[in-house]
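2 protein chains.
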Amino acid sequence: MTPGTAAIIGGGVIGGGWAARFALMGWNVRVLDPDPDSQRKIGEVLANARRALPGLADAALPPEGRITFCTDAAVAVSGADWVQESVPERLELKRDVYRTLQEHAGDAIIASSTSGFKPSELQAGATDPGQILVAHPFNPVYLLPVVELVGTEANPPETLTRADAILKDIGMHPLHLEHEIDAHIADRLMEAVWREALWLVKDGVATTEEIDDVIRLGFGLRWAQMGLFETFRIAGGEAGMRHFLHQFGPALKWPWTKLMDVPDLTEELIETIAGQSDVQSGRHSIRELERHRDTNLVALMRALKSQDWGAGAVLNATDAVLRKKNGMVQRFEDIYDLTQPILTLDRTVPLDWTDYNGHMNEAKYLQAFGDATDRFMEIVGCDAEYIATGGSYFTAETHIRHLDEIHAGHRIHIKTLCVGGQGKKMHLFHELWEADRLCATGEHFLLHVSLDTRRPSEPSPAIARHLAAIEAGHQGLARPAGLGRAVGQPR
Amino acid sequence: MTPGTAAIIGGGVIGGGWAARFALMGWNVRVLDPDPDSQRKIGEVLANARRALPGLADAALPPEGRITFCTDAAVAVSGADWVQESVPERLELKRDVYRTLQEHAGDAIIASSTSGFKPSELQAGATDPGQILVAHPFNPVYLLPVVELVGTEANPPETLTRADAILKDIGMHPLHLEHEIDAHIADRLMEAVWREALWLVKDGVATTEEIDDVIRLGFGLRWAQMGLFETFRIAGGEAGMRHFLHQFGPALKWPWTKLMDVPDLTEELIETIAGQSDVQSGRHSIRELERHRDTNLVALMRALKSQDWGAGAVLNATDAVLRKKNGMVQRFEDIYDLTQPILTLDRTVPLDWTDYNGHMNEAKYLQAFGDATDRFMEIVGCDAEYIATGGSYFTAETHIRHLDEIHAGHRIHIKTLCVGGQGKKMHLFHELWEADRLCATGEHFLLHVSLDTRRPSEPSPAIARHLAAIEAGHQGLARPAGLGRAVGQPR
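So the protein lines, in turn, are chains G and P. Our numbering applies: residue 1 is where the first sequence begins, and numbers increase by one. Our numbering applies: residue 1001 is where the second sequence begins, and numbers increase by one.
Just so you know, these hints were derived from the structure itself, not from any lab. Certain hints may be false.
Unchecked claim - Simulated DEER-style distance windows between Cβ atoms:
1. G:Gly106 to P:His1179: 56 to 62 Å
2. G:Asp72 to P:Lys1253: 32 to 38 Å
3. P:Lys1253 to G:Asp452: 46 to 52 Å
4. G:Pro62 to P:Pro1250: 47 to 53 Å
5. G:Met1 to P:Pro1062: 54 to 60 Å
Using N, Cα and C, we set each Cβ at its ideal position, and we do this for glycine too.
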């Protein structure tokens, strides 16, 4: 599909998110909003989107579309392929807007971002009801892929097909609902949680932070990769979804939530759910689902570790305790023998470090070597506190030899030889071992830099002293095979 | 804390998860379960846990504790520091179990995994009510960190303090609830969603798969990193949480869920929520929260891309379309000039590729070069289909020169020179550019291998032919500076 033109009616957070997604995916965008502040507001959403969306893709996005701000509905929608309405949630206001838009919108699709109204309510009284449908996105619209696409019998099937294609063209996943309902699907689920949570706060059972923590450190992580039913399918274990439903059926009668209006869990409903669950997940055994879930959870939580956020922050705190417990050297003063290589990494290869060849991906070797270098830097005194004062080491050059394969679950360790540590220079040689197998070596040349000027600079006297002492201590060690080797050089 | 001994009473999925977490964090574990099949069942949970948990940490775990299976309660709990009860959810059964356990449990903490019962219900009739509390975990117990810790006034404060310390020692995040309530916090929220979802399926509005998709491609991703309230705080925008609550208050009267028993959103409740939200999130401005949210979402979704799962699978499908659109060479036949370096990467640097030095992390250079190598392999015919037949290339040696800094948001591209492509060998030289700045070079030597024997082998004739043609075409190009260079060699 060639990028077209989208008209964005209403430029709040949601309208701005649509504008940003369309523009970054190459569409020209026209924004219609009477608010004189809308250009600034949309500019802020756009800045966020330009920061986050392009790098989400592992391919280049098309050239960004042109964004223009209009005050005239005719100018905004004439010739547009898509019109997205995101005005406030007042039905009469929306209907008025559609009457104006339909005077100029040609055969564009007019989609509403409404959280709550059904498409039939939006279509009532419209010049052409079949042109209007619901496309309900999730904030931030420029990142989250799902969009609830809801029409009525008034919409020609071709309109929904075209809507589906356009939403996919901007990287979204349209979920086409067969039946309209107040608040569609997702907001019904969220509204139930919201109402329950209001009771918990009102009754003093939990604070907002406790409720958020129990979500983001618990079922929120599960729901980022499997939803409610697939998760419960696993909970049913080998006996499966029918067993789960029979087992947990009685809980529906219990006061576990304020929502006591509950459907009867008849055999018919159990069969419906179990049958749909088979269609959804039946291609995986329960064991396979467990392993997918676990690999996903490890990947998600490790992603949050890199941001030191939520579950990732909890794990990082645990790691710090583990390092103290397992005797890793933390500071220069802790080195018990200056004439021996230093243990700079000791860990198990995580599930998210493997690739299509079934072994540790090459980039993760440099991840491990980089982590070992970070640890060596900490030991000589270039720790987070020092870096905050404006000095650090940048890697200038790296040479890696892959000598043997490593798999997820292997316990690996790295021993580090300091080849040189004079002045601004730091020259390290890491050996990566799995038990007594030498699996790889990493040779690294780093320079101390000023983080202000980004130019080479002298390290602190303490760092220089520690480095010189380690270099001197390591002088007596045999130079390892592979040191100073170039790629392709005969062995 | 020195790892102690935990007694696991009831060896199902939850009991097994506890056993695995305790053992992998160094505790000795005794399992008591009358089911003759429990050893097999726990073995399966343990296998999953051993696969996933150790690599989650970036540090080595303590040596695994010993797991023994008991049939006698006295043997299981005598001298234990922690007793975890995970028997079926029948109150009388649990009370019976406690009576037996308390005969032998000394001053161990007796914690229940109950999803629904309040600690006061569990304590009623016990020999020593103060020894019993609720520690409600989330499946998989060996991965998800949060645990709801609920006591009553019968528990000495020291017992809760000790429970907190032990749970932290096994890497968990205890959430201490001040007031007991049926189903604690998390299961109330989940039960509300579950009941709402049952209605949606029963009424034919959505299938289990549609409900799961709208969760895992939408709000589930948000909830993996921020909960309900912090997300809504952002939705309130610059005007904040009070504005959000006033704006969305009316929706509480609307039929957006079956849960119509709603607390009045009084000014007092609004102040309570807004005040708690300030305590929770007030240290960040709304703009900062938006950026944290976006960086987290990018990191989470990119983690799922690596698993080709959920939102990650949606993004990978979009990437494939983008690559076709933006003119990247897909196959050997598409190369329009065999005498020029081949464009093998063209992308924007994502938010999760930067590190504490404020620029692209060194391991991500090799990620980019590795992705470029993958693309080159695909072009010569070593694509997923070929790899499935049992042949692939393994990297033997890599040399990277870091010439200039790269930041998140930079559009980078890689041009690849084929230095050698005879027989089993593939020798590539990648140049990584940001606009007209040469930022890094990567020299890589790969060998074709049989994925069965993991030994070098000849590639397919088609691959050999393509590689030879590219090598011949590139013969006329000047050898780049840095080719064949060793680390530390004078320039």
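Going down the list of hints, with the structure as the test:
The given range of 56 to 62 Å is respected by Gly106 of chain G and His1179 of chain P, whose C-beta atoms sit roughly 59 Å from each other. The hinted range of 32 to 38 Å is satisfied by Asp72 of chain G and Lys1253 of chain P, whose Cβ atoms lie roughly 36 Å apart. Separation of Lys1253 of chain P from Asp452 of chain G is about 57 Å and departs from the stated range, judged on CB atoms against 46 to 52 Å. Restraint check, Pro62 of chain G to Pro1250 of chain P: a C-beta distance of roughly 41 Å breaks the suggested window 47 to 53 Å.
Against the hinted window of 54 to 60 Å, the Cβ-Cβ separation of Met1 of chain G and Pro1062 of chain P comes to about 56 Å, which satisfies the hint.
The structure does not agree with the numbered hints 3, 4 stated previously, though it agrees with the rest.
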